[in-house]
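There are 2 protein chains.
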Amino acid sequence: MNAIPTPAEATLGGVWTPTLTPLTTSGDIDSQRLVAHAQWCLERGCHGVGLFGTTGEANSFTVAERRAALEALVAGGIDPRRVMVGTGCCAGPDTVELTRHAVDLGCAGVLMLPPFYYKGVSDAGLLRSYTEVIEAVDDSRLRVCLYHFPRLSGVPLGVELVAELATRFPGTVTAIKDSSGDWSNTAALIEGCPSLAVFPGSETFLHAALKAGGVGCITATANVNAAAIRGVYDAWVSDDGRAERRQAGVSRARATLDARPLVPALKALIGHYREDPAWRKVRAPMIEFDDAATQTLVSELEGQRFEYGGRIED
Amino acid sequence: MNAIPTPAEATLGGVWTPTLTPLTTSGDIDSQRLVAHAQWCLERGCHGVGLFGTTGEANSFTVAERRAALEALVAGGIDPRRVMVGTGCCAGPDTVELTRHAVDLGCAGVLMLPPFYYKGVSDAGLLRSYTEVIEAVDDSRLRVCLYHFPRLSGVPLGVELVAELATRFPGTVTAIKDSSGDWSNTAALIEGCPSLAVFPGSETFLHAALKAGGVGCITATANVNAAAIRGVYDAWVSDDGRAERRQAGVSRARATLDARPLVPALKALIGHYREDPAWRKVRAPMIEFDDAATQTLVSELEGQRFEYGGRIED
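Each protein sequence line maps, in turn, to chains G and E.
Position one of the first sequence corresponds to residue 5 (my numbering), numbered consecutively onward.
Position one of the second sequence corresponds to residue 5 (my numbering), numbered consecutively onward.
To be clear, the hints were calculated from the coordinates, so they are not data collected in a lab.
It is possible that part of the hints are untrue.
Since the list gives no way to pick out one identical chain from another, each pair is judged satisfied if it fits inside one copy or across any two copies.
Said to hold, decoys possible - Below, computed lysine to any residue pairings styled on SDA-like, alpha-carbon distance capped at 20 Å:
#: 1; residue 1: LYS285; residue 2: ILE33
#: 2; residue 1: LYS123; residue 2: LEU156
#: 3; residue 1: LYS285; residue 2: ALA128
#: 4; residue 1: LYS215; residue 2: GLY196
#: 5; residue 1: LYS123; residue 2: PRO154
#: 6; residue 1: LYS215; residue 2: ASN189
#: 7; residue 1: LYS285; residue 2: ALA296
#: 8; residue 1: LYS285; residue 2: ALA192
#: 9; residue 1: LYS285; residue 2: SER126
#: 10; residue 1: LYS285; residue 2: ARG264
#: 11; residue 1: LYS123; residue 2: LYS285
#: 12; residue 1: LYS215; residue 2: GLY185
#: 13; residue 1: LYS285; residue 2: LEU266
Okay, chain G solo, but in the shape it has when bound:
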């Protein structure tokens, strides 16, 4: 048995998925489908779900829509202790409002992007942003998972800055999601920020992260492949010799998905496998997959270590 990874300050760990946000035909958030899908993710093996990460089209929704969806999720029976909420907006007061809301609802933590419009901002400026939010929320229940996703945010969180935030706010800044796709950066975070729970942003690095002292992963594709990804984690914990093989399988499925615009691809897959094409709908500036694109993707995933491919248990 490998020890279940629990860094000193960590309250978060394991396989998490930032849930997709299903929409009604008019483009509003479909809270019924949202609750059902979050339930599915948890039942299929996720330790927790994220609401309004990149995969959840967070920034395509207003603050009011985001609040209402979280309230619906909790009212729908999802345990808030298994929910992490994306709250990082460009405007500090929006981030404060969403963060306070998540804390008040008892959520496990918040996933916090830096303000992402201005580029090339200084570490001092980013430190100021996070500090202002944390001090404004001013709540001992707050757990912040920093969110490093330079390709989309355009605002990298360097290891030094992350370490400074962890030192300045022990017990509050407790985790980081590294969506850089750069393993050397994830390794540097694990090494340089020992108090933080470090999650790579893709299951591609799950086994590597666990071996190096990371705590799991937060990954979009667990929306359609939770059990297989959880299988890697469980194999690592039980140290049964299957982790490497399972990792190779989920990595291959991930690569198939990464060759697509990920959010429309994942929504199309759910629409396909649940025979519920309404699931395809995305908000602009994204565009839905059509039948042909969906079918091609389904074919490519056939036989892979994939929820609907039937080869996830071994």
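Here the structure of chain G is known, so what remains is to put chain E in place on it, guided by the hints.
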């Protein structure tokens, strides 16, 4: 005399400045200083002012803050027909709300960023974003100035897409601000989108744009150098032979400013020249200039073709 530039569909033209947004000591928008500053910009020669562009720290404010500030500006006596309002947010419904608000207040137009969190989105997706907003606002008074600022938004608006929007929404999509800093792109827009009023996003290209069929510029530095920049425009209109020399002078001053983080630099200059240091304050993730940085900048601008340098009339 050169003809004052008025493309077929244009209702906007000349020298516009996206106003800085002054803050109170607590970090809220200081609407009294905002009104006074907008008035100053207009008196010093701007044809109009923008509210909540990049220079106005637009995305650092909530929708409610942005609405309130525009209402204060209009209530404070600024003619809304001389105001263009930045309304492009990541969430379509926020863009719709701010755009409708600006139209209802009688503003000259809106400056509309594309949704800027997701990168690498397709032209079809961006077309969908703009179309959804324009159709939701559904108001014949709406005038959209597209906003191309790839370095900050990370979401370029290509010439083909811009031309398609101009064709699809004649009389509504009537202008574009090109903050690429790439003259060849501005020239391509003037050439490829004849119905649009094309504004370069810097006075550096003002004379070049006017000669090529552009309509003026929308420029941050007119917050501190309106009269000198207007001087280039007026010299071009009167064809008095001074345009080139004036252009060289304002371009040099601009280069001095471009070597700094522009928004804190401009706020520091206003704080200095108006002996009102409260003006320095910026919102995170920006950081204020300190005394030393301000003094260095002031020294470098001395004797230049600059509002406070005393050499703008010749």
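Outcome of the hint check:
Taking the shortest Cα distances, LYS285 and ILE33 sit within 20 Å of each other inside one copy (10 Å), while across copies they are farther apart (38 Å). When the C-alpha separation of LYS123 and LEU156 is checked against a cutoff of 20 Å, the pair qualifies both within a copy, at 11 Å, and between copies, at 6 Å. Only between protomers do LYS285 and ALA128 lie at most 20 Å apart by alpha-carbon distance; the minimum there is 15 Å, versus 40 Å within a single protomer. Proximity of LYS215 to GLY196 under the C-alpha cut-off of 20 Å is restricted to the intra-copy arrangement: shortest distance 16 Å within a copy versus 56 Å between copies.
Proximity of LYS123 to PRO154 under the C-alpha cut-off of 20 Å is found in both arrangements, the shortest distances being 10 Å within a copy and 11 Å between copies. Proximity of LYS215 and ASN189 under a CA criterion of 20 Å is satisfied intra-copy only: 15 Å inside one chain copy versus 49 Å between copies. For the identical chains of this complex, LYS285 and ALA296 are intra-copy neighbours only, at 15 Å inside a copy versus 53 Å across copies, given an alpha-carbon limit of 20 Å. When the C-alpha separation of LYS285 and ALA192 is checked against a cutoff of 20 Å, the pair qualifies neither within a copy, at 38 Å, nor between copies, at 35 Å.
In this assembly of identical chains, the alpha carbons of LYS285 and SER126 lie at most 20 Å apart only when taken from different copies (16 Å versus 38 Å within one copy). With identical chains, the CA atoms of LYS285 and ARG264 are at most 20 Å apart within one copy only, with a shortest distance of 16 Å there and 43 Å across copies. Taking identical chains as interchangeable, the C-alpha atoms of LYS123 and LYS285 lie at most 20 Å apart only when they sit on different chains, with a minimum of 19 Å there against 31 Å within one chain. Taking identical chains as interchangeable, the C-alpha atoms of LYS215 and GLY185 lie at most 20 Å apart only when both belong to the same chain, with a minimum of 17 Å there against 47 Å between chains.
Proximity of LYS285 to LEU266 under the C-alpha cut-off of 20 Å is restricted to the intra-copy arrangement: shortest distance 13 Å within a copy versus 40 Å between copies.
The structure does not agree with numbered hint 8 stated previously, though it agrees with all others.
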